[in-house]
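A.B. asks: Sequence:
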Amino acid sequence: MFPKNFFYRHSKLVAPDLIGCYLIKNNEKDQIKGIIVETEAYSQEEEACHGHRKITESNKSLFGVPGTFYIYKSYGIHHCLNIVTHKENFASGVLIRAVMIPNRNERLASGPGLVTKTFGIDISFNSYEVLNNKFLWISQRESILEAKDLIQTSRIGISKAKNIKWRWYLKNSRSVSKRVKGDRSPKFK
DNA sequence: TGTATGATTAAT
DNA sequence: TTAATCATACAA
1 MFPKNFFYRH
11 SKLVAPDLIG
21 CYLIKNNEKD
31 QIKGIIVETE
41 AYSQEEEACH
51 GHRKITESNK
61 SLFGVPGTFY
71 IYKSYGIHHC
81 LNIVTHKENF
91 ASGVLIRAVM
101 IPNRNERLAS
111 GPGLVTKTFG
121 IDISFNSYEV
131 LNNKFLWISQ
141 RESILEAKDL
151 IQTSRIGISK
161 AKNIKWRWYL
171 KNSRSVSKRV
181 KGDRSPKFK
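Residue numbering for the first sequence follows our numbering, beginning at 1 and increasing consecutively.
Hints listed in this document are in silico derivations from the structure and should not be mistaken for laboratory results. On a predicted model such as this, the values are computed, not experimentally measured, just so you know. In this text, a Cβ means the ideal position worked out from N, Cα and C, and glycines have one as well. Be a bit skeptical, because a hint or two may be false.
[Unchecked claim] Result set (SDA-like, lysine to any residue): computed pairs, CA atoms no more than 25 Å apart in a straight line:
#  : residue 1 : residue 2
1  : Lys87     : Gln140
2  : Lys87     : Gly76
3  : Lys25     : Glu129
4  : Lys178    : Gly76
5  : Lys134    : Asp149
6  : Lys73     : Lys4
7  : Lys33     : Gly182
8  : Lys54     : Leu13
9  : Lys25     : Lys165
10 : Lys87     : His10
11 : Lys54     : Lys29
12 : Lys33     : Cys80
13 : Lys29     : Glu106
14 : Lys117    : Asn132
15 : Lys29     : Ile158
16 : Lys4      : Leu131
17 : Lys162    : Tyr75
18 : Lys25     : Tyr128
19 : Lys25     : Ile158
20 : Lys4      : Asn133
21 : Lys171    : Asp149
22 : Lys25     : Thr56
23 : Lys60     : Gly76
24 : Lys60     : Glu47
25 : Lys4      : Leu145
26 : Lys117    : Lys54
27 : Lys171    : Tyr22
28 : Lys60     : Asn5
29 : Lys160    : Tyr128
30 : Lys165    : Gln31
[Unchecked claim] With beta-carbon atoms standing in for the labels, derived distance ranges:
#  : residue 1 : residue 2 : range
31 : Lys54     : Lys148    : 38 to 46 Å
32 : Gln140    : Lys117    : 24 to 32 Å
33 : Phe2      : Val180    : 24 to 32 Å
Turn these sequences into a full structure, and let the hints steer you where they fit.
C.D. replies: So, in C-alpha cells, the structure goes:
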C-alpha cells in the first residue's frame, strides 16, 4: 500500500515514484492492468501548469484533494489522465504518459491520449479517488526502482517552462512515448 | 461574438 | 512537419 501521505508531496517527488506502479481498470467483464513507465509533474508555481493562471471550471479538479484524478480533454480529441498531488486548493498533479504490459517489456499505451484511449478513461472519472476506487485505481509497485533505472528529462508538448526537467521514464522500456537522444532502448515494432 | 490555442496523435 | 479537431480562455 501507499504511505499515508504519498500524494501529499510536491508533484516532482510523486511523479518518479509512480513509475513502476500499476494502473488498473475494472470493466464489466474484464480487467486491464498496466505498469506506468512515463510521467510528468506539473505545479501551480510554473507556467506550463493548467492551474498557473487561475482556477476555472475545467481545471478545478487539479486544485482538489491529493490522490484524486484530474482529467482534461486535449486538442478537442484526447483525454489525459492526471493524479492530483501536493495540497488542496493548490494546482499540482502528475500526468500519466505511458504504460507497458506487466511482466513483459511490450507497449500497451505510449502517449497520454493513448493511455486513456486504451483504458477507456473519460471525463466521468474526473475528481474521483485514486485509491479505494472500484473501477480505476493505482497500486504500489513491487520492486524498488533506483535512480539509474529512470531517465529524467524535460516535458513534452509545452510552450512555456521548457527548461524544467520534470519528466521521468523507465529506462529500457519499449512503451515510452519519446526517448532522449542517446538512449538506445530497443524500439517497439 | 470572435479568435487563438493547446500537458496530442497519426500520417507525410 | 503538418493536418485534424473543438472546448476553453480571453479579448473586444
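A.B. asks: Provide an ascending list of the numbers of those earlier hints which the structure does not satisfy.
C.D. replies: Structure breaks hints 2, 5, 6, 7, 9, 11, 15, 19, 22, 26, 29, 30.
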